[in-house]
Amino acid sequence: MTDDVIPKTRRPGDPPPQLEDYALARERFSWTAARASLEGFPDGTINIAHEAVDRHALGPRANHLALRWLGRDGTVRDFTYRELSEASNRFANVLDELGVPPGDTVFVLAGRIPELYIAVLGALKRGCVVSPLFSAFGPEPIRTRMTIGAGRVLVTTTSLYRKKIAPIRQDLPALKHVLIVHDEPDNELPLHTMELRTLMGWSPTTFDVRHTRPEEPALLHFTSGTTGRPKGAVHVHGAVVAHAITGRLALDLHEDDVFWCTADPGWVTGTSYGIVSPLVNGATMIVDEADFDAARWYDILRDQNVSVWYTAPTAVRMMMKGGAAAAAQHSYPKLRFIASVGEPLNPQAVRWGIEAFGLPIHDNWWQTETGGIMIANFAALPIRPGSMGLPLPGIEAAIVRRLDDGSVAAVDTPDQEGELALKRGWPSMFRGYLGEDERYRKCFSGDWYLTGDLARCDADGYFWFVGRADDVIKSSGHLIGPFEVESAFMDHPAVAEAGVIGKPDPVAGEIVKAFVALKPGFDATPALERELLAFVRRKLGPAVAPKEIAFAPSLPKTRSGKIMRRLLKARELGLPEGDTSTMEGDAPAANGVAHAAASPHVGSAPTDPESAAR
Amino acid sequence: MNPSAIRQAVIDALSSVAPEGDYDRLRPDRGLREQLDIDSYDFLTVMVRLHESLGVDVPEADYGKLATLDEAVVYLAARLGA
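Protein sequence lines, in the order shown, are assigned to chains A and B. Okay, so the first sequence: first residue is 0 according to numbering that gives the first Met the number 0, each after it adds one. Okay, so the second sequence: first residue is 0 according to numbering that gives the first Met the number 0, each after it adds one.
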């Protein structure tokens, strides 16, 4: 495995890589020095939005293009650093006018429209905590997250408001101000909302950015666990030091780059690298409003002269379905570096980049909790296809084993599986799960943050992803908690119990699959299956709702009544069932779901010969 | 195959994936994905369904030509030689 390496040679005309000698870079690295590349305020405070926008707007890069927005319909809107600074100042002034104090949470629920970026930056300037929500969430995930985050302000669009907020507005007592981007000119503005563009138009373009302490909360990103409600990971303004340096080291960002991060800001990648990192580094960022479309993406890469591109395995695999020729019919002379994150990128996909773009794809690894890239394949170093790479300078990673007394022991033998752990202390490490101190504490053992990901480390220090230590589902790079999906099913009168797993899928990595046992008197008909699918999709939205539903007479449970998702998954995959000693006596394996043989099955996975697991 | 039969096949494929959609109020000239809240994976599944029902295998590069209901009908009709 380790001799399977993609070597690198620097192309003439490429700028010198930000990291050339790995060992030297690690040795010389210090977070203090990384902090020195930023401005901060003289009193030791630092604000993400100041570093991202105002610092450049007040200097020689004021007229440099900061954000180019590509509308779904072909519209283009450009913002220089100065214009982005002024627009975000207007938004910060709107919050001020409304009396929204620093520290309050501002939720943003929108597609990738310019106002989303302006609102995020403006709210950070005000010192508010920003929580971006994915626009493909249904009302239920939105309600849960806004309740945990006690959202006082919501920025959204008329169409999203009508579909997703109006039905739950009465359940959000903390929500005082709804600021609307009015995208339905034929309709009136919804009741109890305000038109954002009007408010911004009245607001001044100057604003005194709040001098936030490095440990002051800035961002709230929700992530999912196996049990219980979603967790709100809190990140602080000091994290910008990591946003800045990891963009340079792991993505090779230079200030003249045109950078395209395809992730939606509703997920942490789309904020750390889809907003903060490229701006802090003074680059030009591309934002495409439209959803994935391979042909459109090739056009954008070429026409916008994208030089650094950060995307996701699902997108790569979808492009692979169309064949490398579709990509290779264009040339991309400016494209220099491609990276991917969200789930492990299979070696075929890494190499496919060479066929399609003349460049391999660099996998890297991090999580909502880490706030920034931790482990990466670097521009100047050979790639080990299938590996997540080497820890960044400043990051200490290890494979550990949890011991009975709560401590951990390092696994020093190469290639031995264990849990991936990171030595605490990097600036973008999460500082808590909002309102859940116990859950936060459980993530640490001594100085180690335990990631919940199983991995191994080879003799040369490259890390390889093995799987999750829990039941969390990773679909199209998004983490989905099975409990949230199961709970939605339980609200339907026909459902007795529901168990939700991640089913391996050649395109999405995993898809959400639900096993449902019905109450007496209900029949497992295709019509009911369709009704259930509609029911949960309406509640959860397409990003969280299952893509497949199967009926089962009963679900395997532990004696304490917990549904054994692991067993459901083993049966789905036809794998050995492992230790079933804790299983409830009256639900023997044979009485379970039996590979969902009788299930009318929703959404058969498209086959994908190029990326099928081999 | 006439356009209204093709239109029905598209709606059937869409509603098997997103049965909660409001198909009576679907604007045929507006984006399907935004109106019906379907993601990229759902869209792939719709393409698989259309392949099953109409026998038309839509290549990845053409997905952008089926963004609205009207566009999808025109595209599929042309492919079917209707």
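These aren't lab readings, by the way, just hints derived from the structure by calculation. Hints may contain errors.
Not the full set, but computed from the structure, chain B residues with beta-carbon under 10 Å of chain A [what the hints assert, rightly or not]:
#: 1; residue: 19
#: 2; residue: 23
#: 3; residue: 33
#: 4; residue: 37
#: 5; residue: 40
#: 6; residue: 42
#: 7; residue: 54
#: 8; residue: 60
#: 9; residue: 62
#: 10; residue: 64
#: 11; residue: 69
#: 12; residue: 80
Just so we're clear, the structure is a prediction, and the values are computed from it rather than from any experiment. Glycine is no exception: its CB is placed at the ideal position from the N, C-alpha and C atoms.
Structure-based check of each hint:
For residue 19(B), the interface hint holds, since its Cβ comes within 10 Å of a Cβ in chain A; the closest pair sits about 4 Å apart. Look at residue 23(B): its Cβ only gets to about 15 Å from chain A, farther than 10 Å, so that hint breaks. Annotation: interface hint on residue 33(B) holds; nearest CB of chain A at approximately 8 Å, less than 10 Å. Against a cut-off of 10 Å between C-beta atoms, the interface hint on residue 37(B) holds, since the closest Cβ of chain A lies about 6 Å away.
A cut of 10 Å between beta carbons decides the hint on residue 40(B): the least distance to chain A is about 5 Å, and the hint holds. Here the hint on residue 42(B) is kept, as its CB sits about 8 Å from the closest CB of chain A, short of 10 Å. Given hint, residue 54(B) at the interface with chain A, is violated; its Cβ is 16 Å from that chain's nearest Cβ, farther than 10 Å. Among the interface hints, the one on residue 60(B) holds; its C-beta lies about 5 Å from the nearest C-beta in chain A, closer than the 10 Å criterion.
Against a cut-off of 10 Å between C-beta atoms, the interface hint on residue 62(B) holds, since the closest Cβ of chain A lies about 6 Å away. Look at residue 64(B): its Cβ gets to within about 9 Å of chain A, closer than 10 Å, so that hint holds up. Because the closest C-beta pair between residue 69(B) and chain A is about 15 Å apart, greater than 10 Å, the hint is violated. With a cut of 10 Å, the hint placing residue 80(B) at the interface with chain A is violated, because the nearest CB-to-CB distance is about 23 Å.
The structure fails hints 2, 7, 11 and 12 (numbered hints given earlier, in ascending order).
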